[in-house]
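**Student:** Each chain is listed here by its residues.
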Amino acid sequence: SEMTVRDALNSALDEELARDDKVYVLGEEVGEYQGAYKITRGLLQKYGPDRVKDTPITEAGFTGIAVGSAFAGLRPVCEFMTWNFAMQAIDQIINSAAKTLYMSAGQINCPIVFRGPNGAAAGVAAQHSQCFAAWYSSVPGLKVLAPYDSEDARGLMKAAIRDPDPVVFLENEILYGQAFPVTPQVLDKDFVLPIGKAKVMREGKHVTLVSFSKMVGYCLKAAEQLAKEGIDCEVINLRSIKPLDRDTLLASVKKTHKIISVEEGWPQCGVGSEISAIMMELAFDELDAPVLRVTGAEVPMPYAANLEAAALPQIDDIIKAVKSIA
Amino acid sequence: ASPTIKVEVLPYKVHRIEAPSNVVETNVEELMGFYKLMYKMRRMEIAADMMYKAKFIRGFCHLYDGQEAVLTGIEAAITLKDSIITSYRDHCQHVSRGGSIVSLMAELMGKQEGATKGLGGSMHIYNRKNNFYGGNGIVGAQIPLGAGIALAHKYKGEPNVCITMYGDGAANQGQKYEALNMAGLWNLPAIFVCENNHYGMGTAEWRAAKSPNFYTRGDYIPGIKVDGMDVLAVKNAVAFAKAHALANGPIVMEMDTYRYHGHSMSDPGSTYRTRDEINAMRTERDPIERVKKLLLTNGVDAADLKKIDKEVKKEVDDAVEQAKLGKIPPLAWLWRNMYMAPLGAGMRGVLPDEYHVPAFDPSYKS
Numbered sequence: 027s028e029m030t031v032r033d034a035l036n037s038a039l040d041e042e043l044a045r046d047d048k049v050y051v052l053g054e055e056v057g058e059y060q061g062a063y064k065i066t067r068g069l070l071q072k073y074g075p076d077r078v079k080d081t082p083i084t085e086a087g088f089t090g091i092a093v094g095s096a097f098a099g100l101r102p103v104c105e106f107m108t109w110n111f112a113m114q115a116i117d118q119i120i121n122s123a124a125k126t127l128y129m130s131a132g133q134i135n136c137p138i139v140f141r142g143p144n145g146a147a148a149g150v151a152a153q154h155s156q157c158f159a160a161w162y163s164s165v166p167g168l169k170v171l172a173p174y175d176s177e178d179a180r181g182l183m184k185a186a187i188r189d190p191d192p193v194v195f196l197e198n199e200i201l202y203g204q205a206f207p208v209t210p211q212v213l214d215k216d217f218v219l220p221i222g223k224a225k226v227m228r229e230g231k232h233v234t235l236v237s238f239s240k241m242v243g244y245c246l247k248a249a250e251q252l253a254k255e256g257i258d259c260e261v262i263n264l265r266s267i268k269p270l271d272r273d274t275l276l277a278s279v280k281k282t283h284k285i286i287s288v289e290e291g292w293p294q295c296g297v298g299s300e301i302s303a304i305m306m307e308l309a310f311d312e313l314d315a316p317v318l319r320v321t322g323a324e325v326p327m328p329y330a331a332n333l334e335a336a337a338l339p340q341i342d343d344i345i346k347a348v349k350s351i352a
Numbered sequence: 198a199s200p201t202i203k204v205e206v207l208p209y210k211v212h213r214i215e216a217p218s219n220v221v222e223t224n225v226e227e228l229m230g231f232y233k234l235m236y237k238m239r240r241m242e243i244a245a246d247m248m249y250k251a252k253f254i255r256g257f258c259h260l261y262d263g264q265e266a267v268l269t270g271i272e273a274a275i276t277l278k279d280s281i282i283t284s285y286r287d288h289c290q291h292v293s294r295g296g297s298i299v300s301l302m303a304e305l306m307g308k309q310e311g312a313t314k315g316l317g318g319s320m321h322i323y324n325r326k327n328n329f330y331g332g333n334g335i336v337g338a339q340i341p342l343g344a345g346i347a348l349a350h351k352y353k354g355e356p357n358v359c360i361t362m363y364g365d366g367a368a369n370q371g372q373k374y375e376a377l378n379m380a381g382l383w384n385l386p387a388i389f390v391c392e393n394n395h396y397g398m399g400t401a402e403w404r405a406a407k408s409p410n411f412y413t414r415g416d417y418i419p420g421i422k423v424d425g426m427d428v429l430a431v432k433n434a435v436a437f438a439k440a441h442a443l444a445n446g447p448i449v450m451e452m453d454t455y456r457y458h459g460h461s462m463s464d465p466g467s468t469y470r471t472r473d474e475i476n477a478m479r480t481e482r483d484p485i486e487r488v489k490k491l492l493l494t495n496g497v498d499a500a501d502l503k504k505i506d507k508e509v510k511k512e513v514d515d516a517v518e519q520a521k522l523g524k525i526p527p528l529a530w531l532w533r534n535m536y537m538a539p540l541g542a543g544m545r546g547v548l549p550d551e552y553h554v555p556a557f558d559p560s561y562k563s
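Chains C and V supply the protein sequences, listed in that same order. Counting from 1 along the first sequence, just add 26 to a position and that's the residue number in our numbering. Counting from 1 along the second sequence, just add 197 to a position and that's the residue number in our numbering.
So here's chain C without its partners, still in its complex pose (with noise of 0.2 Å):
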């Protein structure tokens, strides 16, 4: 059967609300409006007001709230209507979310989901176009989860609720609408992903593409052209991208010899910038070529059709780099 990825996180947080008490969501337009982005359809309806809780338009506020809840016991889903809000809140989700455990020597921990679509979505402009992943993923005491396909989006997001620390959660809105294959044990209330493991979504002998979210998509069509010109890539879907899993990076380099990082942030201090430097420090040795990363532009995204699309890597620009170094 078939499952769009906003069915898959409907589902999945439906489930871990009728699991666990403890769990609530809270956020803009969660509730009466049934979310911004439709993921948390009907939740209000079967779970009532006091564990599907609308907010008002103050970001700050409402995440301090939610982790100062979670510090007292409770594990909120705290959904932003869109990452680049967060923006707003981002001093709760590093200096106390992220921070606290550590500071208090291992007595508070914060069991919280930071959710909403992150990065570009279409024609939305500079202010709600930005990847946050390499910003949350630079962080030590956060999680940070970025799913692609159904399947992710139940298995991680499951994960991440019943995780005992902070995870901020990454997803895409155009991915929103698509509908993926899903086998019953996805649809199992139980299934859950690993947190901190990537996953090899094509096996190949000559090129490593990796990349998260909407772009493992866009790698995976283009591995099926060049498959017709005789390169066979090697596909990975992050899934994590803190912890980040080196040890399926390595191994595929151990292949293939060769290894692009394919995003939609920008590269300065990207998060193929960090692939690129474990590959140097930890892989030197196994390169046959120069790590490349296929990043958004350095811009801030504009408005027309036409520049958006030369601001954001489109499958010809992956094949354009494979081919560069294949």
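No wet-lab data here; the hints were simulated from the structure. For every residue, glycine included, the Cβ atom is placed at its ideal position computed from N, Cα and C. Keep in mind that a hint or two might mislead.
Said to hold, decoys possible - Calculated cross-link-like contacts (lysine-lysine; reagent style BS3-like; alpha-carbon spacing at most 25 Å):
| id | chain 1 | residue 1 | chain 2 | residue 2 |
| --- | --- | --- | --- | --- |
| 1 | V | 511 | C | 125 |
| 2 | C | 48 | V | 353 |
| 3 | V | 524 | C | 48 |
| 4 | C | 48 | V | 504 |
| 5 | C | 72 | V | 278 |
| 6 | V | 524 | C | 125 |
As the list claims (entries may be wrong) - Pair ranges (Cβ atoms, derived):
| id | chain 1 | residue 1 | chain 2 | residue 2 | range |
| --- | --- | --- | --- | --- | --- |
| 7 | C | 210 | V | 440 | 50 to 60 Å |
| 8 | V | 538 | C | 276 | 19 to 29 Å |
| 9 | C | 59 | V | 521 | 23 to 33 Å |
| 10 | C | 210 | V | 528 | 42 to 52 Å |
| 11 | V | 382 | C | 215 | 51 to 61 Å |
| 12 | C | 276 | V | 416 | 50 to 60 Å |
| 13 | V | 545 | C | 48 | 53 to 63 Å |
| 14 | V | 545 | C | 209 | 29 to 39 Å |
| 15 | C | 59 | V | 563 | 20 to 30 Å |
| 16 | C | 99 | V | 468 | 51 to 61 Å |
| 17 | C | 99 | V | 529 | 40 to 50 Å |
Starting from the structure of chain C, add chain V where the hints point.
**Tutor:** Frame of chain C, contents of chain V only:
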């Protein structure tokens, strides 16, 4: 039990609520307890000041002397099942919530016997078991956190409140208003305690706040202004506030108080206020002297108080000496308690091939 003493405190100023009576009941036994706790706080902070100047303490260090009546009065009106969260000026909460002076001093000196094992320092002391959610180094960030702790009390059906303490400087932060708004909307059992010591670092309240009537600045949230130099006025008002918060939702308390020291150790505290002002506070409004006078007029022997002074001073001095003997934390502790579920992930050290698997080990025994 010793006989009841009735004391008239300064009348409360109120906002959208009826003032409680300003006649407070107490007795010699309770007053002795207040005297001892406040004097302990005072001596502790003076000792911290000396240890800082002697370079046993590094970094930031914010002292509470002058403000002792606020915390002492709060603790007298609540229990350890109620929660407290505060700013970086948090040494005294550690002790009022059951922590030892040795573990405070050891923390300030970065020792493994410290309250947070030398990992938190002056601004980051916690006691989860006794519902002390810590100091917070970010001005005002504790305010929404406190509202969230209150939300958890309510969610779990507990008959408890969260006391959120912040200064007049933090009272202008935007997130305070966000937290007040939601606390009001959701009727959270939250008591927002603005300790108005009249200076946010070196900025006088009137230079930072268009309205320095902090007890009115919750707008739709009721408020009460209290003489924060009078432990009895505080105790009475907090008991009133707790009953209100449990029945009706949040309340703002403005405690009119004063810090004798500068903002932190780098501030002599004399460039933006006059020596005369500080001296006048000490001679006319000192919270410990006030209780001492009450005790003396109610038949307590001055010699008994002297004895307490001596004992407290010795307790603090001994704690300092004991803390000095503490050990520095082992390097392995660098990698403890970053995550409760570390998942075997390697965290990078300073050099490229240096990866450490962090451990969750709140006992630091492994």
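**Student:** Each of the hints needs a verdict: does it hold here or not?
**Tutor:** Hint check:
The straight-line distance between the Cα atoms of residue 511 (chain V) and residue 125 (chain C) is roughly 36 Å, outside the 25 Å bound, and the hint therefore fails. Simply put, residue 48 (chain C) and residue 353 (chain V) have alpha-carbon atoms about 9 Å apart, close enough for the 25 Å limit, and the pair holds. Distance hint between residue 524 (chain V) and residue 48 (chain C) is unfulfilled; the C-alpha atoms sit about 40 Å from each other, more than 25 Å. Annotation: proposed proximity of residue 48 (chain C) to residue 504 (chain V) is violated, straight-line Cα distance about 50 Å (limit 25 Å).
Between residue 72 (chain C) and residue 278 (chain V) the CA atoms are separated by roughly 32 Å; this puts the pair beyond 25 Å, and the hint is violated. Between the alpha carbons of residue 524 (chain V) and residue 125 (chain C) the distance comes to roughly 24 Å, so the proposed pair stays at or under 25 Å and holds. In this structure, residue 210 (chain C) and residue 440 (chain V) meet the distance hint of 50 to 60 Å, their C-beta atoms being roughly 55 Å apart. The beta-carbon spacing between residue 538 (chain V) and residue 276 (chain C), approximately 23 Å, falls within the hinted interval of 19 to 29 Å.
For the hinted restraint 23 to 33 Å between residue 59 (chain C) and residue 521 (chain V), the CB-CB distance of approximately 59 Å leaves it violated. Remark: the range hint 42 to 52 Å for residue 210 (chain C) to residue 528 (chain V) is upheld by a beta-carbon distance near 49 Å. The supplied range of 51 to 61 Å is broken by residue 382 (chain V) and residue 215 (chain C), whose beta-carbon atoms lie about 33 Å from each other. Distance hint for residue 276 (chain C) and residue 416 (chain V): a CB-CB separation of about 58 Å, consistent with the stated range 50 to 60 Å.
At roughly 33 Å, the beta-carbon separation of residue 545 (chain V) and residue 48 (chain C) lies outside the given 53 to 63 Å, and the hint is violated. Checked against the hint of 29 to 39 Å, the C-beta distance between residue 545 (chain V) and residue 209 (chain C) comes to roughly 36 Å, which is consistent with it. Our hint of 20 to 30 Å for residue 59 (chain C) and residue 563 (chain V) is violated, since their Cβ atoms are close to 48 Å apart. Between residue 99 (chain C) and residue 468 (chain V) the Cβ separation comes to about 45 Å, which falls outside the hinted range of 51 to 61 Å.
A hinted range of 40 to 50 Å for the beta carbons of residue 99 (chain C) and residue 529 (chain V) is inconsistent with their spacing of about 29 Å.
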